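Enquirer: Here is what each chain is made of, one letter per residue.
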Amino acid sequence: FTFPQTKHLPPSLSLSLPLNSRTLVMKTMNPHHQQKQPINLKSLRRRFALRFIRSLKKIHLQQNKTLKTTHLGHAIRPNKTHKLHNNGFMAAHRVKMAAYASMASAVGPRRAWTRAVLHRSTRPGSSSQTPVSRAQKLRSLVPGGEAMDMQSLLDETAHYIKCLSTQVRVMTCILDHCSSTAHQVN
Amino acid sequence: MEPIGGTELRSVSYVDNYQLGNEFQRLIMAPDAGNSLTALLELPPNQAVELLHCETDDLKRHRISAYNNLPPFPSNRELIERAARYSFFATDNSSEPSNSTKVKTEPLDSGGSNPNSSDPTTGSESEKEKPSKRKEREKKEKGSTKKSKTTANQNSEEGEKLPYVHVRARRGQATDSHSLAERARREKINARMKLLQELVPGCNKISGTALVLDEIINHVQSLQRQVEYLSMRLAAANPRIDFNLDSLFSAGNGSLMDYNIANMATPMIWPESLMNGDRQEFQPQWHFQCLSQPAWVKDENGHNLVNSENSLLSFDSSANSGQLKMEL
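Residue numbers (the UniProt record's numbering), protein chains in the order written: chain V, 1 to 186; chain P, 1 to 328.
The set of hints was computed from the structure by calculation and includes no laboratory data. Since the model is a prediction, treat every value here as computed from it, not as a measurement. In this text, a Cβ means the ideal position worked out from N, Cα and C, and glycines have one as well. Take these hints with a grain of salt, some might be off.
Below, a sample of chain V positions facing chain P; criterion: calculated Cβ distance under 7 Å [said to hold, decoys possible]: (1) Leu61; (2) Ala91; (3) Lys96; (4) Ala101; (5) Gly108; (6) Pro109; (7) Val117; (8) Leu118; (9) Val132; (10) Arg134; (11) Lys137; (12) Ser140; (13) Met148; (14) Ser152; (15) Ile161; (16) Cys178.
Okay, derived cross-link-like pairs now, EDC-like style, lysine to aspartate or glutamate, Cα gap no bigger than 16 Å in a straight line [said to hold, decoys possible]: (17) Lys205/P x Glu215/P; (18) Lys188/P x Asp149/V; (19) Lys162/V x Asp176/P; (20) Lys188/P x Asp155/V; (21) Lys137/V x Asp176/P; (22) Lys137/V x Glu198/P; (23) Lys194/P x Asp155/V; (24) Lys194/P x Asp176/P; (25) Lys96/V x Glu215/P; (26) Lys137/V x Asp149/V.
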């Protein structure tokens, strides 16, 4: 088990990735749409994968850091909390938040739901009533859906579903790759 | 009139197949047979055919007016002209690029009852400057309802992008300003619901807004549950992983492209398995669901890349073409 070297990607690489001939093709295909740009899923995938892996690395480092300090410093805290840090539900929660945040930043602030997700860090208190009708259920599901009229709610839902499915795909691929490499190492 | 050539004779014969009986056909086909018509009229055969030709012209005119679904009154020539101009504009608007997105609803009413009526020729350009919200009535004597429906659709769909809505009331519907606005709003919402139906798998067969909404909610919930489960797995697998970005991008993105959508249909065993917390049991199930393979051949990559790209692009193009169709 080797400690991973933190490799910083050169900024040129991350900038050149979204540039794709497909985006140009799709823009010329739709001269009628001026407000909305069609989603280019391929570049979205790449951007999300990059950011998510970076944040996973960060979380990994944090966990290892806490582990190391306790080992070295003979921590007073009992071992249970350390185990929680690594293998508990909090780690899963952190990974989940990292996934949503990286997806939102990959899309950018042009969508209402991404703006709501990116601003979520400042306002953790969510006071939402129990949803009664279908529209309210949808509003509670889509981030930022509380203060939207029906039309834009449906728009945001469509975009959100696309991005969520991309997110799930990328995460499964990362998991598969990691589990396969882990098996190879062991 | 000009002397009748062979072609005209042929056209006359085509016309006469519909209108006149067989006798006249025989007359025309054999004008120099010295038949009864020329004998009756005491005219040379050329002029006899001329007479027939003139008659058939009137018949032609009658038939054309009948095809327009308008009674052959002289007063309706105005309407015919307007209908012709209107159809011209209808096709013209669809072919125009919608950089100039405002479309004028042509006032088809005969007479000056509508105070807002303007020249149809200058309508499309003057409309850009008039910021008033306009709703026009349709009279029942007007032509086919098909035209009005397409323009209503066109206008309401173009109205999505405009600050002001140009709505046309369809035949037999309330022309109240409130109901028109409500109808435009409902049409917009229904258009977006159609797009969502295409997104969510298995929604095409369901009819009814409420059930479709239920399906959409279920889909979003299942996607969010998947994200949570995956994040749990990743968090558990984190300590064992050596994050090497280069290897990930060489092999990982190859697998990203080739990933199949088939395992998106998640069975409901997931919440139960989450309760178990036994990952060893679940892993073979997970790999069974996954169609991914560890060995990626480059040819397969390219082929599947095209396929996945096509499926993704086809979704987008279908959505966009759906919107384009509604504009047309």
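Enquirer: Should the interface hint for Ile161/V be scored as holding, given a Cβ-Cβ cut-off of 7 Å against chain P?
Expert: holds (5 Å)
Enquirer: Straight-line Cα separation of Lys194/P and Asp155/V no greater than 16 Å?
Expert: holds (11 Å)
Enquirer: For Lys188/P and Asp149/V, compute the direct alpha-carbon distance and say whether it is at most 16 Å.
Expert: holds (12 Å)
Enquirer: Return the status of the interface hint for Gly108/V: holds when the least beta-carbon distance to chain P is below 7 Å, violated otherwise.
Expert: Violated, because the Cβ-Cβ distance from Gly108/V to chain P comes to roughly 18 Å (cut-off 7 Å).
Enquirer: Under 7 Å is the threshold here; is the Cβ of Ser140/V close enough to any Cβ of chain P for the hint to stand?
Expert: violated (9 Å)
Enquirer: Does Asp149/V sit within 16 Å of Lys137/V, going by the straight-line distance between their CA atoms?
Expert: holds (14 Å)
Enquirer: So, Val132/V near chain P? Judge it on the closest CB pair being under 7 Å.
Expert: Nearest chain P Cβ about 13 Å off; hint violated.
Enquirer: Given Ala91/V as an interface hint, is its Cβ closer than 7 Å to any Cβ of chain P?
Expert: Holds. Min distance 4 Å.
Enquirer: Checking hints one by one. Is Ser152/V an interface residue toward chain P, by the C-beta closer than 7 Å rule?
Expert: Hint violated; Ser152/V Cβ to chain P Cβ min 9 Å, cut 7 Å.
Enquirer: Should the interface hint for Met148/V be scored as holding, given a Cβ-Cβ cut-off of 7 Å against chain P?
Expert: This hint is violated: Met148/V lies away from chain P, its Cβ roughly 12 Å from the closest one there, beyond 7 Å.
Enquirer: Taking 16 Å as the top limit, are the C-alpha atoms of Lys205/P and Glu215/P close enough?
Expert: Holds, at roughly 11 Å.
Enquirer: Going by Cβ atoms only, is Ala101/V closer than 7 Å to chain P?
Expert: With a closest approach of 12 Å, the Ala101/V hint is violated.
In this structure, the earlier hints numbered 1, 4, 5, 6, 7, 8, 9, 12, 13, 14, 19, 21, 22, 24, 25 are contradicted, and the remaining ones agree with it.
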